[in-house]
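Please model the complete structure; the sequences and the hints are all you need to start from.
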Amino acid sequence: MTRHAGGLLDRTRSLTFTFNGRRLNGYVGDTLASALLANGVQLVGRSFKYHRPRGIFSAGAEEPNALVTLRSGAHAEPNTRATVVELYDGLEAKSQNHIGPLEYDFMAVNDLLSPLLAAGFYYKTFMWPRAFWEKLYEPAIRRAAGLGALSGEADPDMYDRGYLYPDLLIIGGGPAGLMAALTAGRAGVEVVLADEDFRFGGRLLAEDAVIADAPGMDWVAATLAELRSLPNVRLMVRTTVFGVYDHGVFGAVERVSDHLLNADGQVRQTFWRISAKRSILAAGATERHIPFANNDRPGVMLSGAVRAYANRWAVSPTRKAGDGVAVFTSNDDGHRTARSLLTFGVPVKAVIDTREEIESIGDYRTVAAASVTDTRGRKGLQAVQVTDARRSWWLHCGALAVAGGWNPNVHLASHHRARPVWDAARQCFVPSGAPAGMRVAGAAAGEGSTAAALASGAGVAVESLGELGVKAVPSVPHAVEEAASGEAFWHVPGKKRAWVDFQNDVTVKDIKLSHQENMRSVEHLKRWTTLGMATDQGKTANVTALAVMAELTGKTIPETGTTIFRPPYTPVSLGVLGGGDTGAHFRPWRLTPTHAWAEAQGAVFVEAGLWMRAQYFPRSGETHWRQSVDREASAVRSGVGICDVTTLGKIDVQGSDAGEFLDRIYVNMMGTLKPGKVRYGLMLREDGQLYDDGTCACLAQGQYVVTTTTANAGSVFQRMEFARQCLWPELDLTLISTTDAWAQLAVAGPQSRALLERIVDDFDLSNEAFPFMACAPLTICKGLRARLFRISFSGELAYELAVPARYGHALMERLIELGEDLGATPYGTEALGVLRIEKGHATANEITGQTTAVMLGLGKMVSRKKDAIGAVLSRRDGLEEDTRRLVGLVPVDPGESVVAGAHLFGTTDPQDLAHDQGWITSACYSPHVGSSIGLGYLERGDTRMGEEIVAANPLEGQSTRLRVTSAHFVDPEGERLHA
Amino acid sequence: MPDLYAITALGKRTAYRAEIGPYALAEMTELALASVVLPPDTQAKPLGLELPGPGGLTWGAGDGLAFWASPGQWMVGRQDAAGGDFAAMVAAAVPEARVTEQTDAWVAFKISANAAEAIENVLERLVNLPRPARGVGTATRTLMHHMSAFCVMRSETEVVFLGMRSQAQSLLHALEAVLHQRRVSR
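Top to bottom, those sequences are chains Z and P. If you use our numbering, the first sequence closes out at 989, no skipped numbers anywhere. If you use our numbering, the second sequence closes out at 187, no skipped numbers anywhere.
Think of the hints as simulated: they come from the structure by calculation, not from any bench. Backbone N, C-alpha and C define an ideal beta-carbon position, used for all residues, glycine too.
Simulated restraints, written as ranges between beta carbons of each label pair:
1) P/S149 to Z/G31: 45 to 53 angstroms
2) P/G49 to Z/E985: 49 to 57 angstroms
3) P/E157 to Z/G479: 21 to 29 angstroms
4) Z/T893 to P/G85: 53 to 61 angstroms
5) P/P23 to Z/P685: 50 to 58 angstroms
6) Z/A84 to P/S149: 32 to 40 angstroms
7) Z/R973 to P/Y6: 48 to 56 angstroms
Covered stretches of chain P (chain Z as the covering partner; in silico rule of three or more C-beta atoms under 8 angstroms from a C-beta of chain Z):
8) 2-11
9) 101-109
10) 129-137
11) 142-154
12) 158-168
EDC-like mimics (lysine to aspartate or glutamate), calculated; alpha carbons at most 16 angstroms apart, straight line:
13) Z/K104 to Z/E87
14) P/K13 to Z/E823
15) Z/K506 to Z/D384
16) P/K46 to P/E97
17) Z/K506 to Z/D121
18) Z/K389 to Z/E113
19) Z/K870 to Z/D892
20) Z/K792 to P/D4
21) P/K13 to Z/E609
22) Z/K287 to Z/E200
23) Z/K792 to P/D86
24) P/K111 to P/D81
Okay, structure coming up:
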């Protein structure tokens with residue numbers, strides 16, 4: 011164990027976990043990374059491309075190396091950063107991306123082949139033969155390179171979502187964020203303070219800072235106590251704000267039970283959408299390293315991380331207790347690390363500082379004007395080579411802390427595409443042009459010292475509150491200023507490989523090669539080398555790479571620029587983005603009033619938009635759906651069938667101008683419709699193409715019910731509302747959707763009247779009293795209010811009967827029961843389709859948005875006596891002269907099938923676009939005709955009755971001879987309708 | 002009385018009711034609703050109910066309720082009147098109004114709890130609205146789990162969600178899931 015005294019751990023609560031099956035111990039308060047280091051585990055993974063041994067590099071979300079798979083089976087989660095995993099009892103972690111044991115990875119052979127695997131190698135090496143790329147090269151490269159593997163099983167965890175509307179969202183709970191929260195909380199506004207860590211404090215957790223003459227953590231504790239006492243402040247730990255979206259909306263993930271072995275019914279994570287009036291980004295900064303030869307060995311770490319492990323987790327990052335640690339730095343921060351290590355008795359071998367005339371701030375040796383030029387130790391660091399102006403020598407050490415300065419975490423401030431600007435004094439990019447309402451505080455703004463962070467947090471809080479009309483007077487505690495000078499030192503020149511991006515194995519040599527191959531813009535550099543494209547998004551690599559490229563091109567860093575920052579800030583699981591709705595609950599469903607009844611009958615259902623509709627009702631002995639559908643369609647033609655048509659849209663239109671309004675919505679006259687009558691209507695799009703069709707019933711003077719197709723119910727209502735509110739607000743009318751309010755059953759067939767007569771209360775259904783296209787309110791079954799419409803989609807004597815939805819189920823039961831002797835049969839959407847094709851009625855197959863009333867043979871319905879939406883443009887050239895017409899089609903050989911979608915050609919014409927004469931819109935097997943039939947649009951179809959044509963389906967090599975017929979296969983004279 | 006039986010929006014003969022941790026979730030099958038549109042500049046108090054302004058709700062101790070639906074339009078309801086012709090009753094009470102039957106257009110689920118905090122925990126998971134828009138005495142239409150619904154806040158310990166009747170199963174699932182999760186949350 012390399013654990014020493016101190017730290018922010020609960021040593022009374024020991025935890026057991028496994029890493030690659032090995033049982034290890036840690037404490038409450040540990041991360042997986044700190045616990046591994048405490049157990050002397052330095053080697054935790056293999057690199058992406060070269061399979062180089064890799065260790066823990068950081069102590070936070072920026073970690074490029076220590077990616078592990080947590081848990082097992084369906085709960086396995088690959089590519090988890092050990093540095094942010096809160097340790098829990100029973101945690102199970104495995105290393106990834108190796109073949110064979112981690113210590114002896116077979117794929118490490120890739121490292122020997124590294125000269126062949128330079129930047130962009132796959133663009134150059136695998137060009138021939140071309141066909142091999144997809145089948146051989148790419149799969150092989152993907153197998154060799156990579157991250158963890160998915161379990162392949164469904165995600166068993168639960169997720170949920172939530173919405174917050176604070177006045178002020180503060181992102182990051184370090185000194186700046188806490189100070190901002192305290193200032194705003196005391197001022198009484200609604201505050202959300204979110205931090206990705208499982209503990210508030212930010213860098214104060216990792217430092218030995220002094221605030222108000224006391225340890226920094228005392229101030230954190232007191233501040234949190236006060237914030238918890240404020241009802242207007244919400245503290246959210248384990249919550250990563252990962253993206254900034256339009257209109258002040260932020261995406262955040264709260265890890266609710268990731269830190270628990272047994273979630274005990276709790277969700278794993280919650281996806282929060284936070285709409286904040288103002289926001290403060292106090293996300294801190296990420297330390298940068300200094301590339302030098304073989305700088306990727308386990309044991310080489312960021313200096314701030316080494317300090318964090320020492321101060322927060324009481325761990326020395328060496329394999330054995332007592333091994334010394336060296337520090338390589340270009341700034342004062344490295345010396346703070348040395349001081350912290352010494353505090354806990356960890357031997358400091360030397361601080362190698364790139365600067366001249368630098369002195370130690372503690373009892374350790376400082377080597378000034380020197381750098382680290384190589385390392386030794388295959389699976390863990392054993393020695394570093396130190397080089398100064400005069401000589402090189404090897405220094406034995408168990409770990410090396412590298413301090414190259416700090417990069418503010420500008421990411422969220424740049425999510426609206428703003429580019430950060432270079433601050434030459436601080437040698438870093440700082441935010442500029444942050445999203446509206448956002449201010450940046452603390453280290454994220456370049457104000458990295460504790461004192462500056464506290465002042466900055468309070469300052470931006472006061473500014474944000476001022477914009478909200480709230481005055482606040484902050485009380486900023488005094489903090490001891492730390493020395494913070496440094497120099498820009500971007501990499502140690504050398505011939506060996508020096509890693510810049512650890513996760514994607516990008517070295518300084520790769521950047522040089524990219525420059526040499528003219529991939530010099532940052533965007534090209536990124537894509538040629540894959541720098542910054544790994545799961546860590548190059549948090550520890552990007553700025554260093556820019557600096558190296560700037561050096562190569564002779565430009566300045568700001569001239570070189572940055573790539574675009576995009577959400578998410580850190581990886582987010584797709585499960586939580588989905589909000590927990592999966593499988594059957596992936597989307598809402600709409601069920602008809604007779605759904606439960608149909609289910610009990612064994613109906614097969616089909617999706618129709620959000621609706622689930624009964625497709626057909628199989629009976630025992632029926633082994634194929636066609637048998638059921640043929641039986642149902644025949645029952646309608648010979649007896650009576652009942653079908654739930656509730657899904658068709660119903661729009662209640664009332665008002666003194668309702669008729670005028672309907673005249674403008676429909677292309678045919680509708681305002682003249684008398685009470686008690688129904689009329690078929692067509693609606694056009696603004697461009698003159700067909701939009702929707704349906705019936706309009708006039709129930710009383712100024713009171714209509716418009717029906718729409720199932721698919722367009724919502725959009726027609728929306729369109730009518732738009733017309734009412736925006737186009738003709740002067741008209742007096744009201745629109746209410748009543749689709750769900752009424753259960754509507756189609757009762758169709760020659761026996762339909764006989765059946766209905768058994769349920770209506772004193773209502774004359776005779777042809778004279780209630781003719782075709784009549785409607786009436788009435789009562790049925792001893793007093794139930796209902797609406798009856800004599801309309802027909804099947805071509806038979808038919809009615810549609812509407813009752814309050816709660817009675818639909820019982821009405822269906824009653825009709826089937828009372829109609830047994832009449833052959834009453836429930837039918838589904840398949841039979842509905844067969845019946846309407848036999849009758850030549852159009853549906854969405856014919857009204858596609860690319861067809862017209864003229865094509866449907868209904869051109870005369872477009873009234874010239876009035877204007878209506880789309881009427882004028884329906885008369886434009888190209889539409890009015892369209893000669894394609896809806897026709898019926900039957901196969902010349904009755905044994906052949908008509909295939910919907912097939913295109914129509916003359917029998918001797920070539921089957922190409924130039925000779926295309928139309929297409930088949932709908933097809934089915936017709937029990938009435940005794941063969942397959944179809945509907946289709948055909949050039950001059952109305953003049954070609956009896957002609958033979960060819961339906962071609964080039965996709966499947968089909969070619970069928972068809973005969974053109976009337977689209978009305980059943981009762982072309984309409985006698986049955988009027989029976 | 003008609004000799005047909007009624008079913009609930011969930012396809013059952015009896016109303017759904019469940020106790021989930023500190024919550025009671027109940028389907029309000031007897032809630033009758035009618036849409037009321039008044040001519041401009043007309044004042045009316047259907048069934049004695051004050052018609053509130055945008056986002057507002059009138060729902061006192063009695064069975065009657067009214068909430069704003071759009072300019073000049075309100076939803077008027079009564080908790081025990083679904084069996085009759087409620088729209089006709091409202092129309093008779095306000096002859097100058099346009100009244101549309103809405104009882105079976107909606108499914109209503111009531112969530113109640115002893116503590117306001119428990120209801121707040123649920124609302125912040127379900128309703129993408131700022132607190133003032135979903136405070137006591139408001140009825141606001143919103144999108145929940147891809148479904149349109151009214152969030153009707155009768156009191157700080159009782160909220161009613163009105164959703165499309167045909168989506169009753171999906172709405173119930175969304176509510177149950179949230180309540181179950183709140184039941185176990187620490």
